[in-house]
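Participant: Sequence:
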Amino acid sequence: DDDELARRLPDEGSAEAEVVRRDSDGRLWNAVELLSERCQALLRIVAFEHRPDYREIAADLGMPVGSIGPTRGRCLQKLRALIEEDDAEENGEDHG
760 DDDELARRLP DEGSAEAEVV RRDSDGRLWN AVELLSERCQ ALLRIVAFEH RPDYREIAAD
820 LGMPVGSIGP TRGRCLQKLR ALIEEDDAEE NGEDHG
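Just so you know, we're using our numbering here: the sequence shown kicks off at 760 and counts up by one.
A portion of the hints provided could be inaccurate.
Unchecked claim - Quick list of the computed label-pair ranges, beta carbon to beta carbon:
id	residue 1	residue 2	range
1	G851	G828	15 to 25 Å
2	A840	R810	26 to 36 Å
3	R810	G785	40 to 50 Å
4	D762	V824	46 to 56 Å
5	G828	D762	33 to 43 Å
What the hints contain is simulated information worked out from the structure, not anything from laboratory work. Every residue, glycine too, gets a C-beta built ideally from N, C-alpha and C.
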């Protein structure tokens, strides 16, 4: 029942929810640090820009404008894999 689940979940403003959010944020940024410098730079730019200007990003990173989107996609894919690997290790699973 959705109502029962909602009652069991911590309030968004609760201390428990804050700890979970901080843990998730920390794990995310730890995974980002495992990426190449190029991926780190690109993801930091696109993560904090509302509407990133690909021409400006391309100039800053020294790469063609047309490769920004595909490179971003590959970087996000690598990031997802790192996070999933970390989750599996934390849960005692062996996918290696």
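Participant: For this structure, which hints from the list above don't hold up?
Facilitator: 1, 3
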